[in-house]
Amino acid sequence: DVKVTQSSRYLVKRTGEKVFLECVQDMDHENMFWYRQDPGLGLRLIYFSYDVKMKEKGDIPEGYSVSREKKERFSLILESASTNQTSMYLCASSRPGGETQYFGPGTRLLVL
Amino acid sequence: GENVEQHPSTLSVQEGDSAVIKCTYSDSASNYFPWYKQELGKGPQLIIDIRSNVGEKKDQRIAVTLNKTAKHFSLHITETQPEDSAVYFCAAILNTGGFKTIFGAGTRLFVKA
Numbered sequence: 001d002v003k004v005t006q007s008s009r010y011l012v013k014r015t016g017e018k019v020f021l022e023c024v025q026d027m028d029h030e031n032m033f034w035y036r037q038d039p040g041l042g043l044r045l046i047y048f049s050y051d052v053k054m055k056e057k058g059d060i061p062e063g064y065s066v067s068r069e070k071k072e073r074f075s076l077i078l079e080s081a082s083t084n085q086t087s088m089y090l091c092a093s094s095r096p097g098g099e100t101q102y103f104g105p106g107t108r109l110l111v112l
Numbered sequence: 113g114e115n116v117e118q119h120p121s122t123l124s125v126q127e128g129d130s131a132v133i134k135c136t137y138s139d140s141a142s143n144y145f146p147w148y149k150q151e152l153g154k155g156p157q158l159i160i161d162i163r164s165n166v167g168e169k170k171d172q173r174i175a176v177t178l179n180k181t182a183k184h185f186s187l188h189i190t191e192t193q194p195e196d197s198a199v200y201f202c203a204a205i206l207n208t209g210g211f212k213t214i215f216g217a218g219t220r221l222f223v224k225a
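The listed protein sequences correspond, in order, to chains A and B. Each residue of the first sequence is one higher than the one before, counting from 1 in my numbering. Each residue of the second sequence is one higher than the one before, counting from 113 in my numbering.
Same shape as in the complex, but just chain A (with noise of 0.2 Å):
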């Protein structure tokens, strides 16, 4: 069965601090997703990878960054959180080419 997930589920941070959101999946998926999901917006992208070290930008990449030194893990990191970046980030991965994406339950990001 089909699995990703996160690092943590719910998570406060201050102002001005880095943070690491971690995604692992077990289906030896080449592609991996983070998303930002708010209210009214839906799901936005922030980072894709389609392989080990490969990074492109999604539609709002700014504030953040991404790793990816394994192929089944996939790191987005905000280099120095504010309180804009408050949001549910989720994770997914999907097959090379395959348009079905399998999503972690996410993590609930609060910055104070």
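Simulated from the structure, these hints should not be mistaken for lab results. Treat the hints loosely; a few may be bogus.
Stated by the list, open to error - Sample of chain B residues facing chain A (criterion: CB under 10 Å; computed from the structure):
| hint | residue |
| --- | --- |
| 1 | A141 |
| 2 | Q150 |
| 3 | K154 |
| 4 | G155 |
| 5 | D161 |
| 6 | F201 |
| 7 | I205 |
| 8 | K212 |
| 9 | T213 |
| 10 | I214 |
| 11 | A217 |
| 12 | F222 |
| 13 | A225 |
For each residue, glycine too, the CB sits at the ideal point set by N, CA and C.
We have chain A already, so just place chain B on it with the hints.
Below, chain B alone, put in the same frame as chain A:
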């Protein structure tokens, strides 16, 4: 680029009634349209999809229709049940490698028992 609009943002129905959620897309080259359901505390999960060469697809109580000319597609849920209560997202994909999925803003469906 592609843009997907979804309506309504909130929908409340009585158990047993039907629910319809509508989406429109802007890029006529989009060719794959999935629907995701997000239950409380979980990530979105694919429930049904349709390709641009098909007008309608059905899976038990849920169905999706696509009108390519008008560039809109809809999700239909019949005989709604309380467990259908969730947030539903439509999406459009331009399949040039499957990387870019554009999601609608979501519809929160309440099914009242």
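Right, here's what the structure says about each hint:
| no. | hint | result |
| --- | --- | --- |
| 1 | A141 | violated (15 Å) |
| 2 | Q150 | holds (8 Å) |
| 3 | K154 | holds (6 Å) |
| 4 | G155 | holds (3 Å) |
| 5 | D161 | holds (7 Å) |
| 6 | F201 | holds (6 Å) |
| 7 | I205 | holds (5 Å) |
| 8 | K212 | holds (7 Å) |
| 9 | T213 | holds (7 Å) |
| 10 | I214 | holds (9 Å) |
| 11 | A217 | holds (4 Å) |
| 12 | F222 | violated (15 Å) |
| 13 | A225 | violated (25 Å) |
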